[in-house]
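Novice: Sequence:
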Amino acid sequence: MPTISKRRWQLTVFAAAIFILLLLGVSCQQAWVGKLDQAIIHLVRQPLPHAIQQLIITVTKSGNPHPVTWVTLILAAGLVIIQRYRGALFLTFNVLIWAGLGNSFIKHLVQRPRPTVERLVAASSFSFPSGHSITAMLLWGTLMVILPQILIRHPRALVVVQVLLGIWIFLIGVSRIYVGVHYPSDVLAGWSLGFVLLTVTQWFLTRYGDEL
1 MPTISKRRWQ
11 LTVFAAAIFI
21 LLLLGVSCQQ
31 AWVGKLDQAI
41 IHLVRQPLPH
51 AIQQLIITVT
61 KSGNPHPVTW
71 VTLILAAGLV
81 IIQRYRGALF
91 LTFNVLIWAG
101 LGNSFIKHLV
111 QRPRPTVERL
121 VAASSFSFPS
131 GHSITAMLLW
141 GTLMVILPQI
151 LIRHPRALVV
161 VQVLLGIWIF
171 LIGVSRIYVG
181 VHYPSDVLAG
191 WSLGFVLLTV
201 TQWFLTRYGD
211 EL
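Start counting the sequence shown at 1; every next residue gets the next number (full-length UniProt numbering).
Note that these hints are calculated values from the structure, not bench results.
DSBU-like cross-link-like pairs, simulated, lysine-lysine; straight-line CA separation at most 35 Å:
1. K107 to K6
2. K35 to K6
3. K61 to K35
4. K107 to K35
5. K107 to K61
So the derived label-pair ranges between C-beta atoms look like this:
6. Q29 to F170: 24 to 34 Å
7. Q53 to L24: 26 to 36 Å
8. I20 to H154: 35 to 45 Å
9. V159 to Q29: 39 to 49 Å
10. L11 to V159: 13 to 23 Å
11. I152 to V44: 33 to 43 Å
12. P113 to L43: 20 to 30 Å
13. R7 to H66: 31 to 41 Å
14. P113 to V71: 24 to 34 Å
15. T3 to T116: 42 to 52 Å
16. P49 to S5: 41 to 51 Å
Glycine included, C-beta positions come from ideal geometry on N, C-alpha and C.
Work out the full structure: start from the sequences and follow the hints.
Specialist: Dropping the structure here:
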């Protein structure tokens with residue numbers, strides 16, 4: 001894995017700024033956060049056919065802790081089998097520590113209630129940031145970082161897979177808004193924080209060697 005690019009660091013700083021701005025806005029109950037949330041909710045939560053609603057529910061449930069844990073363990077085992085030990089550590093640390101414990105800590109620190117709208121799925125705990133969004137960014141984002149080394153001889157396949165992973169990260173976040181369990185600012189914060197943590201962990205693990 002080549003050194004993290006200047007552009008990647010710039011995007012990381014931007015993502016950190018977005019997260020801090022949202023954190024302060026939510027914590028201080030700033031009016032602009034509510035306006036932003038309502039505008040996006042109005043855009044996303046449109047009436048859809050039952051079949052599409054069920055598809056969205058399936059997408060959102062794919063980000064639940066149980067399936068995510070199994071996917072993480074299977075992918076980590078696969079990385080160990082092909083002797084990508086740091087890649088396996090990269091993946092498990094991002095998902096189990098950052099997305100699990102780190103996200104839970106921030107939720108209890110901010111203690112933002114869930115939206116008071118009709119929900120299509122059950123949800124507990126606090127709302128900010130979105131655990132599904134940060135987990136999607138860290139799980140599938142980790143694969144986006146590792147895959148260029150594995151698919152180095154298949155650049156076209158790499159592009160297709162990375163685009164699909166990026167779309168999936170987006171869909172997971174939007175699905176949380178549609179099913180009524182998160183504000184858009186929760187989702188944006190989850191994506192932003194996840195991107196920052198992804199970069200930080202990659203930097204730490206590749207200080208003494210490029211390969212993940």
